[in-house]
Structure formats: structure tokens, C-alpha cells
Amino acid sequence: MPSILDPYCEHALTKVLSIKEEGDEVVAFTMGPPQASEALRRCLCLGADKAFLLSDRAFAGADTWATSRAVAAFVQRYGSDADLVVFGQKASDGETGQVPFEVAQMLSVQQFAYVKDMRRSGGSFVVAQDYGDSEVECEAPAGSVVAFSDVDPCGTLMSISDRLRGAQKPLETIDRVGLGLGLYSVGLKGSRTRIVRTGTNDVRRKNRKAVVGNPSRVAELLLEEMGARP
Amino acid sequence: MSGCSDGSCSSGSCTGGSCSDNPDRLPPGMLKRYDLNESTADGTLVWAETEDGKVTRNSAEIIAESSRISDGRVFVALFGGPEAKSLYPEIFGYGADTIYHVRGKATESYSPEVYAEALAQVAERVNPASVLIGASPRGRETAPRLAAMLGSGLTADCTGIAADGRRIVVTRPAFGGVLTADIECVGFPQMATIRQGVFPTPERREGQGTAIYWQYSGESRKKVLSVSRRSEKASDISDARVLIALGAGIRDRTIVDLAEEVASSVDGAMVCCSRALVERGWMPQSRQVGMTGRTVRPELYIAVGISGAVQHITGMSGANRVVAVNTDEKAPIHGYADLSIISDAEPALRELARLI
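In order, the protein sequences belong to chains X and H. Take 1 as the starting number for the first sequence in this note's numbering and just add one per residue. Take 1 as the starting number for the second sequence in this note's numbering and just add one per residue.
One chain only, chain X, in its complex shape:
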């Protein structure tokens, strides 16, 4: 399976980089098989300073609990002084959107979901959240978990020099032992959910096809269906 940087995370990273100031360090991390380092390399090219790949055979098969456990352990060990822990709202494939907030609880920090925008105000960060029915602006204290909800439809363009610089930056791999976690805290063994079976999503209907050339006839048919008369 190819490994790409998730659009939600890419958007989150660009938002963070846009408010980066002199002296700030942006660290990118992910958990996954060795090929996930490609996604991290892209983060480095986009402007992150350092990257960590949490990778271990024992991490395989992790549900959101076991994933959060590893991520929380990483943040505690390698990023305990971080101003913010930033996530994309969800991964475009699994779409559970649970990991950021399980991590927030495991780290006992505040969480900010559906963040659209973030700015600096004095020494702290102000986030704008969109709950659909209301918009909330909050001050995010040091260490908070922030999850960005949008994607950038166009993505970010990189120049050759970005790529060259990104290739030089450090990318470190950390395994289970490096995180100080036991075998039963990670991966399939550490998961709190199990997939019992998979099936195909079959909701097929008895279909009747009609080839209609005349648009007004189609319109009539649709009107009939809607129960409205012209």
C-alpha cells in the first residue's frame, strides 16, 4: 500500500507553519509501517523541522485506543514541552476521528475540535472552532490538543529547494521499546475492539431501466415520482 500524507494533516501542518515564528520548532510524527516515512518526508519538505516515525511490528492492527496509547506515550516522552499537539480531524480512510481526543484525555489536556483557524495572541494561541450550529473562539493553553477540520482542496506546491532541504532534515524511527510500552498496550493485543467479521455492503434493489431520450418526458416522470403535478 502506498503511503501518502493525509489531506487533513497536510492542511493542519500548513496552518501551523503559517503562524510559525523564529525559534519555534515544528515536529511531525506518525505511526505506521516503514513506508509511512514518505509522508513524513513530505512534512519535512513542507517546512517541518524534525520528524519521528513510530514504527514497530507490534503496532500492527491497533484500534483507536491502542493508537492513542502509542501517540500519548510519544508525546509524553518526546514532546512534553510542546505548546500544542496538532492533528487533522480524521484520516480520510478510516474516518473515525477519535484518536486526537483519546490522546487529549490520556495526556489530561484540553481538546479543541473542528478548528478552522488558529492565531497567536500574546504568548498564547487562540483557536476558532466551527460546531456547525455555532462558532466558538477559545484560548488554547500550553499542551492542548488541536484538531483541524478542513482540507486544502488544492494541496501545497513545493519548490525544488524545499524538496532538497526536506531531504536533509532528520527523520528518526522509534519502536515500541523506545516508547516504553508493553506488548499488551499496543497493536492488536492492546486494542479494545475486535473485528469479528467483514461483509460486503449489499443493499441492491430490483431495478427497472428506462432509456428516455426526450428531456420533457424525463421531467414528467420525475414529477410523477415526486407526486407533484405541473
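Since the hints were derived computationally from the structure, they do not count as laboratory data. Idealized CB from N, CA, C, for every residue including glycine. Check each hint, because a few of them may be wrong.
Stated by the list, open to error - Footprint (simulated), chain X over chain H, 3 or more residues, beta carbon under 8 angstroms:
1) 109 to 116
2) 183 to 191
3) 286 to 294
4) 313 to 326
5) 329 to 335
As the list claims (entries may be wrong) - Heads up, simulated DSBU-like pairs for lysine-lysine below, C-alpha to C-alpha not over 30 angstroms straight-line:
6) X:Lys169 with X:Lys20
7) H:Lys330 with X:Lys206
8) X:Lys209 with H:Lys330
Please arrange chain H on chain X, whose structure you already have, making use of the hints.
Leaving out everything else, chain H in the frame of chain X:
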């Protein structure tokens, strides 16, 4: 077999009051089933989310389904001041046995940290076998935090639940909606978030039960600078009777306005779309049907220019009747439609707008 004194051998004499023909090696008179490690968790806890002083449809659906699928008790956690008391009869009517009415200064406005902690306290008190929460923006944010507090497995965005006693198996789309996965939790409480529209909306009737005040004494540390409520109440596509769904096959942006025009003149009709149009910026995300959007079950679903990717089908397969308009005779949508009209959708919609 000398030296075998622990009773696990197939032959031997009685030792220490337990007999070897008793496979459980229990002392005489002791109940056979007496396992202290067995969880006593039972029943279901549901967070009844409120919006503008009303129980959300999503929560109502979950409460009703919880009482339908299992004979365990249904506990409901409700946040709010004294005014929330007026919601009791409705919640009991959906099938709840006990309401835990959570009150406290910190719970007056929503914050995920406080709500998750209060829910965890209630969960600790009632010891439910499962905790079910609506997959609304707030539910999706609070549920993971609560799961981490309770040490529970949590399945997101379920599309179905099957109960076997107190154990539940939940179904959710996997691998981009191509497959469905049946998932169970390892321990108790089992947790899941469930989308609106997955279960039928229960009828409103009054009921009776036990209501308990739960005082939450924690404090909110959240520093909220400003809150702006959206004044215009966006109508919800999951309430629509007829949905006109537009997909990638629509090439002309004016068609979107035409469809809106048609919908506005048909009673209970709305326009929704597939992911493609949201990505093009032609329609807001709140109108998107499918895995990443809403789950809908209207009376009539008219899929116009929608090819029928599984991700989309997941969101609309509950519709009562499906009509597809598409030029492509081989598009997968036809397999999920009751009637397929093989025709160019754009002139047809223009004609329809003219007729109406």
C-alpha cells in the same frame, strides 16, 4: 498418578472436601457460577443531547433502539438546568427507564472535558454494559474522551447494532465503504457513536420513569473568548421527504440553482449532493450524503448524475424509493435504484424547472 492432589487429574480420591468428579473443583454447596472477575455491567447508557431545548432526533433514535434491542435497562444522561425537566416525559416515552439529570455550573455550557467527565461519573454509577452516543459534532468529540476515561473500546459512526444479551456487535463501513465490518468491544462498557438516520425515528409519546439529579461539582477550565450562534437555522437534509441529489455528472453550476428552484416548489423537498460537488465548492458540506456526509432515509431519493460509489450508497441506501437519472447505463447506482432513467440529466432538470 501419584502426587496429583489438585483435583485436575481424571482419577484419584477426594481431597480437601472437593471431589475429582466435580470438574469445577468447587466446595460442596457453593454456587457453580461464582466468578468474581465477571463484570456485572448491564444496561445501556445514552447521552440525550439537546438542541434549542429539544432532544435531538439522533439521541431519540438511539434511546428507542436501545430499549428495543435489549431487555436491559436504558439509562439516559441529560444535561441542563431546571428547564430540562420538561423533557422527561418525552425521553421516558422513547423507552428510557432512568434519567440522570446532570446539573452544575460547569455543565451550563458545553465543553468536551466537562461533559465527558460528568458522563464518566454517571457511567461509573450505573455500570452500563454499553454507552451509546450520537455521532453529532459534539458527540463525536466527547465520546473518544469518555472512552479514554473509561478504558473502553469505541467504534465510530456505526450503521447498525445487533445485541446478544448485554453484548453488542456494531457494524460500520470499512475500507472506504467497500466492506462492512462487524466490531465488538473487548471489555465493558462497550461504546459506539451512531449516526442520525441509522434507526427509524421513534414516535413521540409520553412515558414515566425515574429521574435522578446528578450534581457535577467539577469546574470548566476552558477559556472561551467568544461564541457566535448561526442565526439562520439551516434546514437539515435528513428531515427532507424528497431529496434531489446531484453528483459529479453535473457539469454546469447553474444546474444547482435550478435544482434548488425545483426543490423549493415541491413540498418537503431539498437538494443534496455527493462529495464531488462539495469539493468543487458548489454546495456546502452540510448537504453532502455519504460516508463523509450525512445518512439520509427520505421517502424518495432522486440521484441525478451520481455514479453510485459505495461511499455515497452508504448514506442513502435507507431511502424508501430511489430513482436514478444517469447517461451511463453501466453506472453502479442503477443496482441501488428502483427506477433508472437513462438520459441526460441537465436538460431534464431544465425542463423540470420550467414545468414547475
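A quick look at each hint next to the structure:
Counting residues of the region 109 to 116 of chain H whose beta carbon lies closer than 8 angstroms to any beta carbon of chain X gives 3, which reaches the threshold of three, so the coverage claim holds. Residues of the region 183 to 191 of chain H with a Cβ under 8 angstroms from some Cβ of chain X number 5, which satisfies the need for three, so the listed coverage holds. Restraint check on the region 286 to 294 of chain H versus chain X: 3 residues with Cβ-Cβ distances below 8 angstroms, three needed, restraint holds. Counting residues of the region 313 to 326 of chain H whose beta carbon lies closer than 8 angstroms to any beta carbon of chain X gives 7, which reaches the threshold of three, so the coverage claim holds.
Evaluation of the coverage hint for the region 329 to 335 of chain H: fulfilled, as 3 residues show C-beta separations to chain X shorter than 8 angstroms, against a requirement of three. Pair hint X:Lys169 plus X:Lys20 holds up; C-alpha atoms about 17 angstroms apart against a cutoff of 30 angstroms. For the hint pairing H:Lys330 with X:Lys206, the CA-to-CA distance comes to about 15 angstroms; that is within 30 angstroms, so the pair holds. About 11 angstroms separates the Cα atoms of X:Lys209 and H:Lys330, which keeps this hinted pair within 30 angstroms; it holds.
Of the numbered hints listed earlier, not one is contradicted by the structure.
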